[in-house]
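Assembly of the complex is requested from the two constituent chains, each provided in isolation within its own frame, with the hints serving as guidance.
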Amino acid sequence: MATQAANRAIPAPKEDPTTKPFWDAARAGKFLIGKCKDTGKHFWYPRGCSPFTLSNNVELVEAKGTGTIYSFTVMRSKEPHAPAYVELDEGPRMFTNIVDCDLDTLKIGMKVKVVLKATEDGGAPVPMFTPV
Amino acid sequence: MSINGAAYIVGAFEHPTRKAEGQSVAQLHAEVAFGALQDAGLSKDDVDGFFCTGAAPGLGPLNQADYMGLTKLRHVDSTDMGGCSYVMHVGHAAQAIKEGRCNIALITLAGRPRAEGMATGTVPRSWAPNIPDDPFEIPMARTVVTSYANVASRHMYEYGTTSEQLAWIKVAASQHAQHNPHAMLPKVVTVEDVVNSPMVADPLHRLDCCVISDGGGALIVARPEIAKSLKRPLVKVLGCAEATKNQAGGQLDLTYSAARQSGAAAFAEAKVKPTDIQYASIYDSFTITVLMQIEDLGFAEKGKGGAFVADGNLISGVGKLPFNTDGGGLCNNHPANRGGMTKVIEAVRQLRGEAHAKVQVPGCKLALANGIGGLLGHRHGSATLIMERE
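Here the protein sequences come in this chain order: A and B. Numbering (our numbering) for the first sequence: 1 to 132. Numbering (our numbering) for the second sequence: 1001 to 1390.
So here's chain B without its partners, still in its complex pose (with noise of 0.2 Å):
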């Protein structure tokens, strides 16, 4: 069965704050949904359907629905893949939608990691009692900075890939997110800056590491019909997919991502090749993990990414590619350390034509947006979503 037109967009917020000291999570929660449904001009008594994570508090989705006043709901989904999750919820809501089981899904994300002084990336945690992997990974320092950094390791190994190449991921996102007002980090840098930053670990600079933030965002996806009935501009789902990758037993390679396999099921059901894209959402938590994207995607062949996205080619107005024109996780934001609902949320601006001015891509008629959640190198999650402007 494929979504391909089943379901739109017809609804977005990003939370403003980066740094929320005066809200719970639960409060953020409320405001992100409050956002979109008003941007959608809809209200919450529309809401059939409820879609989020562990990141909202409580079981499954049953606590937040019940501080938000949801009591319309005949379909939830919990369904939890990490930062990735809320590219793949507008997928499972499509297909909910086509199903019959909703007609309104509302999608949410928030976090206040920063305000509670989370150090995110650079201490091992676990997720929860009794993973079996914890009691063989923990003791060896596991981190969110040191799985990718073996990917990045690999891929300078086999492929010749440079620090300096992966600076200009971060060159090209800071260059967008000088013109966000709500980017943490809006200066623009150089390649010099990036390669020049403290290593934190090698061969990931500070400067390739996303920011710590709070915040959030919500999304609302409805049944075409309703759609039309609104005012907003059309965001059609054309595919939507995701995929998963672990240590296989330890026949793992570290040279590619899930999102091989994601990406190629949604280009498929969407009926576009990597080429036709004008405009890509693409996760980046590190800069490793937007060069391996672009090329698990098809937007570079493999092992030649590094020679893709140097030299401005992500650059919204100069390269080939215009990528996280809100300066993404890289600079502007990483709500709950789950960049996907971002990623969403900016191709549907550029969709709509609102993304800031300088950095609209012209005529945005088909966007993606892909999703990277958990450890690029021990197990993750990849979800690919294509977006078109009718």
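Looking at chain A on its own, in the form it has when it is part of the complex (with noise of 0.2 Å):
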């Protein structure tokens, strides 16, 4: 049996003027993520402070855009698809899809790499990955 992800449509992400940013670098091309200044340590999702100090020593910066998959679920929807976390090579685990696959061969510990995928109504593109 197969599951091919389906190319559903992606709600725009709600853009806030903290991680515009973020946004802008998304309709560039680039996937960013959150780096804590103070500790050195990666983070996920993008914010204006860090989860680890709370200070507003933060910085985006690019990632490698590759990881594993943590965990996943593959929604048997009319349009399947598959909300996933995966482990980023920088460290943080995020909520994600897995896309351009068949959703039946997903493993966790699969390796996957970042697809920046297009969203409704000339939304920002949202990070999402694929098997490598």
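Just so you know, the hints here were simulated from the structure itself, not pulled from any lab data. There are no misleading hints in this set.
Just a few of them, taken from the derived set where beta-carbon distance is under 10 Å, the chain B residues facing chain A: (1) Pro1132; (2) Asp1134; (3) Ala1149; (4) Asn1150; (5) Gln1251.
Cβ coordinates follow ideal geometry from the N, Cα and C atoms, glycine included.
Right, dumping it as structure tokens:
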């Protein structure tokens, strides 16, 4: 059995002033993640404070865009899709989707790479992942 | 400050409706409040503390208190931690009573998602404007079921938990629900029925998911002197604690829940241990929710929950840990998509000896109710309440 990931219409992310640079970069084809400059640790999702120290001494840095599947599910709807947690090579585990593949072949631990997926109504693209 | 012995649950009422086509949400709240006060032998002007959540329509407690004519309030609390709020509110009420801020606390929950045709678990939804995680999660189709399914998927990967083991949780709930005339799903099901039901979100099948129902419930919590002046069996609050868990900036671990913290704190306050508990109400939005709490509360070792729940171990009269003897959210009801209220109510029934005869735990003296609110994978709260029949 094969279940091809649907090319579902993805709702546009509602941008806010704090994370606007993240979305601007996504429009330019770059996948950024948060970095706490005090601890050197990366974080997800992007925000204006460090989830490790609460300080605003944070920056957005370009991620390698590679990681492994930490957990996943396949939503067996008319448009099958796979909400998942991916562990980025930089460390953070992020909630995303696994796309552009046969969803019945997915396994935890599988290597994946980022794909910026277009969203509805001309919204900024969002980072999803596909098996390497 | 410990609340052990500071308050008693003196009234409890569960709305019999499962589809409220003829009542508004505010009216459902009023009906459960009236029912719980009647159960306690009190009237609405005795209430000086009111507890509700965002499920009550309006600004905090104000509109619902107005609707019900609560004019004697001197303490209110609308802390909302989703479905576990009502378990937590019992603890908050006991604290307020201990501090002398109120004498008789009313806690209400009601809602009508079924009559309103809400797709509770399978459609991405935002709870409010300006939520910082929404832009990163709504496009990813974050729904209730996909959040819990990710937890189940990781649990299976780490510990070898199987769909058949999860199915036993539903089987046990259905064994209990057959005796509940109000249960939405009173039919007894088998492990095969569960694993052969349609897959919703791997590894969760349709029968791994709770029902969507209308209705609600209410509780009355009172100070000891008042409780002892009433005619109902005495249900004493021994301990109650709450905790939260979130994605921690990406350093998340899906293998445990906040019940690990809330449970340990409540057991310490109650001065009892998991093996002392004779009956447990365990939040069952999905089968995996139950499994996680059973491990995190200390009823089973982490990773061994699957083996613990198998072979009927949760069935009253059969297994070691009778749970959700009303049929729970999996078979009975899940009013307003918030199951914590009915969890406390069934525990009170068990302690009073008022559960259905077929599921009543003989001589039930010590019971626990645990709730999980929010999304188990993304961010959730847990509240643990331990009660004793005096």
